[in-house]
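For reference, the chains in residue letters:
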Amino acid sequence: MNIVENFDLYAPRLINKKELLSAGHRACQGCGEVLGVRLMCKALGENTVIASATGCMEIVTSMFPTTAWEVPWIHVAFENAAAVASGVEAGLKGLRKKGKIDDRYIKVVGMAGDGGTMDIGMQALSGAMERGHDMLFVCFDNEAYMNTGIQRSSGTPMGASTTTAPAGKVSSGQKTWKKNMAEIIVAHGVPYVATACPSYPLDFIRKVEKAKSIKGPSYIHCFTVCPTGWRCGSHLAIAMGRLAVESGVFPLYEVENGKYKVSSEMPKKLKPVKDYFKAQGRFRHLGEAEIQKIQKKVENEYQKILDKAKYLKAWD
Amino acid sequence: MAKRIGMEVAVAVAEAVGQCDIDMAAVYPITPQSHIAEHLSDLVADGKINAEFVTVESEHSAMSAVIGASGTGARVYTATSSQGLMLMHELLPIASGMRLPIVMGIANRAVSGPLNILNDHSDIMPQRDSGWISLFAENGQEAIDLSIQAFKIAEHKDVQLPVCVNIDGFQLTHMVEPLEFPDQELVNKFLPTRVPYATLHPAKPVTMGAFSMSDYFTEIMKAKDEALKNSKKVILEVWDEWAKMFGRSYKPVETYKAEDADILMLTMGSMGETAEMAIDGLRAKGVKAGLIKLRLWRPFPFAEIKAVVKNAKKLIVTDRAVSFGGPGGPVFSEIKSALYAEIQRPAIYNYIIGLGGRDVTVPDFVHMFEKVIADKANKAVDTYEFWGVRE
Ligand SMILES: Cc1ncc(C[n+]2csc(CCOP(=O)(O)OP(=O)(O)O)c2C)c(N)n1
Ligand code: SF4
Ligand SMILES: [Mg+2]
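Same order as they appear, the protein sequences are chains H and R. Residues in the first sequence are numbered from 1 upward in steps of one, following the numbering used here. Residues in the second sequence are numbered from 1 upward in steps of one, following the numbering used here.
Mixed in with the good hints there might be a few duds.
[To be verified] In silico lysine-lysine, DSBU-like type, Cα no more than 35 Å apart, as pairs:
(1) K98/H - K244/R
(2) K244/R - K97/H
(3) K100/H - K157/R
(4) K336/R - K98/H
(5) K336/R - K232/R
(6) K100/H - K336/R
(7) K100/H - K224/R
(8) K251/R - K204/R
(9) K233/R - K222/R
(10) K100/H - K233/R
(11) K98/H - K48/R
(12) K100/H - K244/R
(13) K100/H - K204/R
Read the hints as simulated data drawn from the structure, not as lab findings. It should be emphasised that the depicted structure is a prediction, and the values quoted were computed from it without experimental measurement.
Bound conformation, chain H alone:
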């Protein structure tokens, strides 16, 4: 059953009504990333402190002297959200154990784009995950450096045209396969890792709630559509996210203590990647052969996840 189809029925009861990321922020029309952040906040609730990396989400929410944040929020630089979150977590812990602040449980969350997570922020994130801070880190992956003008990242998919890996007479855009960040965090022995997409809001919210309940590190890789950078209509953010999932380009799954579970949103039979590529300007230059190469890779990668779900056992 696809729970999203019953969204109208369930939503009023299941989703926190309180907006912790207020309206009036400066994100582009139809931005999937800011939708992801908003849903994340709903799932986290008020007892949260967020450390954000530089990037679209930081810029659009914190224009001095205004702010869209209703939860405590700190931004320091681009590559260090996980390190700042480590410090926030340690600071609160130090103060709490000495009785200098009240005893309530506060979830510390680090957030960054694909650049701030997978490229320049990778070291700080690896350090934070390895040290085992009580922290959720969410990567909002829109597959390029959008804030600075759609430059490629290690999260940009093969074949996508960006401003630093453009399609040209002798190039078909990105020449490398997307870095598998979720697997890298699984390799850190983190107790909860999940992939999610705001096109499946209930699944995403449930995963954030799950991560919140873990006393230790957790990681969610959230796939967020950027109509501006992907060159698709601003009304298509939800549809593109769903096509990415349905085609297997971005499979939804979770890994709890090493045990893989494919999310129920995944279809029995994948749609062709071509369906997903069609509406996006960044893939428009791709020829049939290139699309087939990508199709094969997507199927292989998805099969790996299915196999892991079938054969791998939990650590404990």
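With chain H held as given, fit chain R with the ligands onto it using these hints.
Using the frame of chain H, we list chain R with the ligands on its own:
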């Protein structure tokens, strides 16, 4: 009663920080700071410090983490040196811009190119304009005292800025000196619990580190400049209180036999004590030599510098760093600009000394004085020389 004990200075700095009821520290090891990191870890491991100790994976993350923790209202400490400080560079103006009290010990060491682990000031000089209060210790006792005072200065309601304590690597950090630790009870009295201006806590949500364009940026920079300048008043008050409680007095500019001196030398950091010996020798020969020791690098003590050099004919500024292709050493250009508008001011000379740990001896200092005295026609005024360089 406080008693004197022989201890390595780096270890002593960690002990002193341990007296300050810190809530969190994040330190990444680097020579010659490592003994601070190691001893702090020992103190935490033995339960002597009740603080979270975060073993970060880099200095960039060390600074990021103490920024985050300071944002929660915690009292925080870090320490570094050389390459570590350079790696932190990006975050230093952010820490001061966010007006977060942080105390950082710096075991000053030469910056690479080529790699060198020994002492000079090329690590702190590139951080000059980052908006941190910057103090220099001359000996182990000062390193301890300044480290404790730094928390009080940083957290003062009229300051709310990060403070770094410069402690010459090896020359100071690795010396074993007789040191006096203040009584814990008095430290508790001197340094009460931090009262933060705003904190990252859901009880009262705040946004820290917002984005600002041209409409507010200049005002924020001016506010930071004012805060740094105004911090001097608080620094002086804190030093007054320290003198009353612990009997050791501190001034932004210390002097040695400077009152009636015709020729003055200026040092910063551990070389002051060697220069004093040279001055004793020169005085014995009838040369009216004196010494100025700059303790407060930022905020720069303009009035004090002007007052102490007023009657001297010549001033030798020593630098432990190079401003490549520039007007001379960084301290030299600072002093020159401080005195530019003075009608009565000494002729200023600049020697760049002790780079990458090169020894500077008493005879070296004597020789510098003699060379400047011999320059009767003031030919070498406003130029700089790499002292003892092999051509
Ligand atoms: C050290 C550093 N290098 C580069 C930049 C410029 N920069 C700011 S945001 C950004 C890209 C952000 O991309 P991503 O993390 O994917 O977030 P998005 O804007 O796409 O949400 C870059 C390159 C910076 N601020 N700091
Ligand atoms: S550029 Fe993309 S990610 Fe950034 S605000 Fe616009 S739509 Fe959102
Ligand atoms: Mg991005």
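Consistency of the hints with the structure:
no. : hint            : verdict
1   : K98/H - K244/R  : holds, 30 Å
2   : K244/R - K97/H  : holds, 33 Å
3   : K100/H - K157/R : holds, 18 Å
4   : K336/R - K98/H  : violated, 49 Å
5   : K336/R - K232/R : holds, 21 Å
6   : K100/H - K336/R : violated, 48 Å
7   : K100/H - K224/R : holds, 28 Å
8   : K251/R - K204/R : violated, 40 Å
9   : K233/R - K222/R : holds, 18 Å
10  : K100/H - K233/R : holds, 29 Å
11  : K98/H - K48/R   : holds, 14 Å
12  : K100/H - K244/R : holds, 29 Å
13  : K100/H - K204/R : holds, 15 Å
Violated hints, listed in ascending order, are 4, 6, 8; each of the other numbered hints is respected by the structure.
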